[in-house]
Amino acid sequence: MANLPAQAAADTLGARLGRVALYAALGLFALFYLMPMLVMIATSLKDVEEIRSGSLLAWPQSVSLDAWRYAWSEACIGVECTGLAPYFRNSVLMAVPAVLLSSLFGALNGYALTKWRFRGANVVFGMLLFGSFIPFQVVLLPMSQTLGFLGLASSVPGLVLVHTVYGIAFTTLFFRNYYVTLPDDLVKAATIDGAGFFTIFWRIILPLSPSIIVVTVIWQFTQIWNDFLFGASFTSGGAQPVTVALNNLVNTTTGVKLYNVDMAAAIIAALPTLLVYIVAGRYFVRGLTAGSVKG
Amino acid sequence: MPADAVASARAADTGDAGAGDAGARGWLQRHLSKLVVAPSFAAALIFFYGFILWTVIISLTGSRMLPSYEIVGFENYVNIWRLSRWETAVENLFLFGVLFMGLSMALGCLLAVLLDQRIRAEGALRTIYLYPMAISYIVTGTAWKWLLDPGIGLEKAMHDLGWTGFAFNWINDPDMAIYTIVLAAVWQASGFVMAMVLAALRGVDDEIIKAAWLDGASLANIYRRIIIPTIRPVFLSAFVILMHLAIKTFDLVMALTAAGPGTATSVPATFMYDMAFQRDRLDFAATSAVMMLATVAAIIVPYLYSEIRSGKRG
Amino acid sequence: MAHLEVRNVRKSFGDTHVLKGISLDLAGGEFLVLLGPSGCGKSTLLNMIAGLDSITDGEIVIDGRVVNAVHPKNRDIAMVFQSYALYPNMTVKKNIAFGLEMRGVPADERARLIAKTSALLQIDHLLDRKPAQLSGGQRQRVAMGRALVRDPKIFLFDEPLSNLDAKLRVDMRTEIKKLHGRLGTTIVYVTHDQIEAMTLATQIAVMRGGVIEQLAPPQDVYETPANMYVGGFVGSPPMNFVPATVVDQGNGLGVRFRCAANGGDGDVVLPLADPAAAAQWKDREVVFGLRPEALTDYNEAEASIREHAHAFDCRVDVLEPTGADTLTYVELGGSTAIARVNPRRTTRPGDTMRLMADMSHASLFDPSTERRI
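Residue numbers (this note's numbering), protein chains in the order written: chain V, 19 to 313; chain W, 339 to 652; chain F, 93 to 465.
The hints are simulated quantities; they were obtained by calculation from the structure and are not laboratory data.
Do not rely on the hints blindly, as some may be mistaken.
[Unchecked claim] If the Cβ cut is set under 10 Å, some of the chain F residues that face chain V in the computed set are:
1) LYS165
2) ASN166
3) SER175
4) PHE190
5) ALA235
6) ARG238
7) PRO335
Note that the structure is a prediction, hence the values are computed from the model and not measured.
Backbone N, C-alpha and C fix where the C-beta goes; we use that ideal spot for every residue, glycine too.
Modelling step: build the complete structure from the supplied sequences, incorporating the hints.
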């Protein structure tokens, strides 16, 4: 609709009023989406007294980063009063290897399934694809047993395993749908030139993949960082990821409720994915649509 | 040369990745592709399908705190319906699902259409509408829990502004608490619908719209009669994704209401978690999980089937 | 200068038989064109020679060595693809060097070979560009350079000119022909364009439905097509096919068919140049094939010097001027035929015109098998 003929925006009073209403509506919606985040930021910068006496919607009178410092290194999560820092570290140690591993497997699978098709390749892809739609509740019980057998119960490596395995369905889908658009002749030409499976992957296919790699890494990072179900089901105490720790912190009922600390902690937990979104939003949107449209 | 292309595509399908040298190296080269996929496929067999089977088996036993493997048949699938908590969970899921999907679709489409009117600062607005999708449901839950807390959040803010009659205590009201989850979930996911619909709108052929314009159709008519029917597939996709999100909804409920007050905002996902990790009823946990899977499969399998079939046609 | 042999090669996917027993024997230095419509199996055959498709049955032999199980890279072949298949992430130089690098050719030798090849193809100034920055014709040259630089035993071309515009296609055609003349390498070339096939080939294999209908030098394919399919596929406009009867005129055999002329409908009998070959077909129905250039306007001077030229009258239906000739449509024996007429001697549609058939170029086909008699 961006290219409607010029008379679409005929310069009448009615049309102008329409434009004003349009921008007003868009502005109000923007406020609806921004309001929780703005209130969270404002609250995290206030002290407890100001929260209790002042207005929710007011900007802090004196900006203080105390709540952030407290949330990061002192707040009590369960019985441990270490702040979010160690849990944040857990999330990094969980997300980075799981993102890299699942993306690597996805790239190799996508390449093999499109450029070196074998009998049954479509069945393999279909079975992997269905995995991206499984409600994870259905694997929780066996997974927690299995992690126990493997000696990975309540550990960060255990979470890396879980996220890698269940991430492969998505990463394979992403890479497969991208590689299917690369011409097969490239692989044929390289084969005649004398390159083998991995040489072609490394020298020809990967150099053509930066955009899909960014999309996949962002998608996987967002999913894994934001996960709560696996973290809550398979870890306890010191091995928990930041989302679980945040939930525990907020729901800790002992003592005075420090709303500014809750809000600071929530923003800290959201910050990495939010940052990725702001820096590379274009790729984030592509991931969302790539993950949903087209099997 | 379409037919030749078909032939070579079929060649690929029948296990024909080209001729290779004889001997061990040749064997390796011919089968490398399968070997590379094998670990993922094995993982899928074990961690997806094996685990599903395992859960199905547990659902047929009388497992309590630890899995036992004495099959008791389908009685869990009958008995679970005697639990008022499960009934609440299913009712909530239905109510939540319908409202969440309907409102997200409506709001997402509205935003997409509004943004499609040659808007200045469209990029910034799009970023604002979509950012909730990037953050964790736990964060969303934490934020809204606080905003909706009558003693400290919006209600108090309105009272402070002098509107003392303002009451907004849904979160503490067992009958209304489920709607707060709808509110937060719509806040989070409607931008996603907006992004999908907007992308589809931008994909509509300009010439069709120009032709309709020349035919004298009004803007509303162009949307209603031309554009929306053209982008119907994207509605289906968005619908399937939202339904899938709705059935899996867990984090948000845990963070916002912890399934409360009482058990008023239980959904199947929290029911399953509670049975598995708090109440030592693995049998009911497994039973509820299997029913969730069955519901998702009933939606997804026909969808994937039609997608793949239409993909082949195109 | 490699000798290529294809021995009864078959390709099947389950019940679908794409190639049904292909055999050919190509001496070193020949330029073989595989000619046929989409789906005739020509690209599959080329891929099998390259080693990109497996062989269901039969053998492919290069210089006396069966290569069925030899990896493409060890067959010493090079291929130019329809899509060019240039590596988009590499510069032209790296594209050309890639095959050499994979074979462990040292860097200084690579540089020398690239310089030589790029000079030959006049792409030296493009070496540092990426494929996306090149025009269609330039990409085509780079694709050829990538094949040439390795100096392979056999070149394989898969419709290399079909993505170029008409003028460039003609230029590149000439250039490929020159290259073949200079290098003398064995070439197998796939196309559906019969003019490309005629101009380039030393041998043409006309294919249909997974079999070779005729394998012969271009002029033979043109003049003595093995069957009606080949006669109709090669040549533009295609060969005229006239349902006719072989009759004895007393002094030899002729073909008789009906033709409208001078407001009536009459029989025309044209004496055959080689009656002995048709002896068995006396009084039987045949299909009489005549190239449009053998069916011309009547010209007394020419008729007198051509022994087998015979004149007859026929009503003209449609005229299509092409500049050099006017294609004149007439109805012979109930089917449409085209004559190449001198533009200065045409008439108007509906009028009767005197035509001349050069029977030394006539072909006869069996109407049931469509084979040449």
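We went through each hint and held it up to the structure:
1. Hint on LYS165 of chain F holds. Least Cβ distance to chain V is approximately 4 Å, under the 10 Å limit.
2. Checking ASN166 of chain F against chain V: minimum C-beta separation of about 8 Å stays under 10 Å; hint holds.
3. Residue-level restraint check for SER175 of chain F holds (minimum Cβ-Cβ distance to chain V is 5 Å; threshold 10 Å).
4. Checking PHE190 of chain F against chain V by beta carbon gives a least distance of about 5 Å; that is within 10 Å, so the hint holds.
5. Interface hint at ALA235 of chain F: satisfied, since its Cβ lies 8 Å from the closest Cβ of chain V, which is below the 10 Å cut-off.
6. Checking ARG238 of chain F against chain V by beta carbon gives a least distance of about 8 Å; that is within 10 Å, so the hint holds.
7. Proximity of PRO335 of chain F to chain V is violated relative to the hint, the smallest CB-CB distance being about 45 Å (cut-off 10 Å).
Hint 7 from the earlier list is the only one contradicted by this structure; the remaining hints agree with it.
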